[in-house]
Amino acid sequence: MLRYIGKRALQSAVGLSVLIIAVFFLARLTGDPAKLLLPINADQALIDEFRAREGLDRPVIEQFGVYVWNVMHGDFGTSLRRHRPALDMVLEAYPVTLQLAFTAMALVLVSASLVGSVAAYRPGSAVDRTVTVSSLISASVPDFWVAISAILLFAVTLQWLPTSGYGSDIRFWLLPLGVLVLRPFGMLVQVVRASMIATLSSAFVRTARIKGMSEGRIIYVHALRNALLPIITVAADQTVGMINGLVIIETIFGFPGIGKLMIDAVMARDFPVVQASILVTAIAIFTLFILVDLAYVALDPRIRHR
Amino acid sequence: MTEPLLTVRDLKVEFQTGLETVHAVNGASLTVEAGEIVAVLGESGSGKSVTAAAIMRILPIPPARIAGGEIIFQGRNILTLSPSEWKQMLARDVALVLQDALSALNPVYPVGWQIAEVFRVHGERSRKVANAKAVELLKRVGIPDPERRAKEYPHQFSGGMRQRVMIAMAVALRPRLLIADEPTTALDVTVQADIMDMITQISWEEGMSVLLVTHDLGVALRYAQRVCVMYAGRVVEAGPVREVLSRPAHPYTLALLQSAPQARAEGERLNPISGSPPDLAHLPPGCPFHPRCRYAADVCRASRPAETNILPGRRVECHRAMEVLDVVAA
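Top to bottom, those sequences are chains S and Y.
So for the first sequence, the UniProt record's numbering puts the first residue at 1; every next one is plus one.
So for the second sequence, the UniProt record's numbering puts the first residue at 1; every next one is plus one.
Hints are computed from structural coordinates only; laboratory data are not their basis.
Keep in mind that this is a model prediction, so the values were computed, not measured.
Ideal placement from N, C-alpha and C gives every residue a C-beta, glycine not left out.
There is no bait here: all hints are sound.
A short, non-exhaustive set of chain S residues, derived as facing chain Y with CB atoms under 10 angstroms:
#1 Ser201
#2 Phe204
#3 Arg206
#4 Ala208
#5 Ile210
#6 Gly212
#7 Met213
#8 Val221
#9 Leu299
Far from chain Y, by Cβ distances over 10 angstroms, these chain S residues were calculated:
#10 Asp32
#11 Val131
#12 Ile285
With the hints as constraints, model all of the structure from the sequences given.
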């Protein structure tokens, strides 16, 4: 088991290294931050001074070497724009994003499991067909469009909710959460439904039935644990996909999370912040996948013995 | 005479598929006496597995529906029992072994746990006792090193071993009746014989009746005392297996025998049954076998033959049974 985790960690480290290289050089392809961050009429002396201060005048390879050296010592650089450690900014934004993502994912998991199971209980029934159609719609609509339409309807026309903003007031959270939940909910309902239908009609569920046990034991002890495997995979995938959604949702609703930080940093060519936020996000995703793998190993002996 | 352990009388099972009603079982009747092995013989779609599923009450309802008849087991009509009464009897009085033992075992639990579960569901409170009994059963069905194997998962077992596990699970609570639905079809021939020998041995030791659903004439002949031949959802011929298969009274049984590879000398061509199996949604009038029958007469097209006791212990549904009997005798 430890060997397995070690192997996965090593794979993740390789992945992260590739990612660091890609992000570092791709970011520099977008242009010179001095042009964006300094006043438009800044003279060459000012630009040269800025570039010298931030180390941008040195060869790119050397910059990269310095960057990697620093990252390995826990220094992710200083924001070109805010003059604060990039890691601090990322770690400040993270709780907002995590709160948003975990609340959304918890809502998705619970509601999709319930709705998907209800649909699976009687395949082909009116309930099942309603669930199938509405979850397909939910999975298909573009979230940026829903977000803007929802703002128009609930904030502008009806004036029930604020157009955007962040705070502890639940009204700030309703629209972002609602929009964020839609697509993963639709996808996961489909997966739960399919997985439960397949499991409930499988031969081992019939075996459980002819042993004379209760329906509850059949569903919770025998069916659910088998049905969970594909559900977990898709849920993890949806969580990663949600990061894309978060960039859009946080920008539209003005949430000071990692998505907004990332977009703002990209727009301003604030390289250290771009690199730090992508790196931290990548670490989070790799950790998530390792956790999913561990859940798989715990749930399915066929993987354990491979 | 004492009442048989199991009596299926005029059982009718329909499947509703779209606009059509498929008459899978069409008034089947059969009996199983205590301690005896009865083979239910028939081709695919003859209704043999549906009959077995109906006896176990595991038909998917809907689309299936019991349209008539009764199933008397130990003096009670099981079709009228409440689900909780029936759950009490499952595994304890009647058990089932299915064809495909890989998918019939839950992949995420150890096999010992799955056998022990039978005891635990039926009142054994001690996990330790249940586990010990499970190991004992694994030993009995011929699994080497049962203590270690009990902790392993289904995918670590071979096909034959998995079927042994299924049988261990089925006989755990010493049921009076074991329904074995094609128990050896998925296995290779040498393993088949081992499994069937084991079922037969347990049947002798425990006085357990076996309803053996099969399409294999050889298996029926070798292991059963009596045979019920099914066609189009009815038991068209029943009787002691050696008599029925050596001197059939129903043209379908005769045709089955003549189409079996064993019946032919080497180099001779097989003699398949002409025509195709009946369309269970649109059964022909009269005898359902008449479109494929070499002996069909006008009466066969007009009326369905009644059940007749043609010889002691032998039952057949055919207008021309006497002539068919004489075919082999001649």
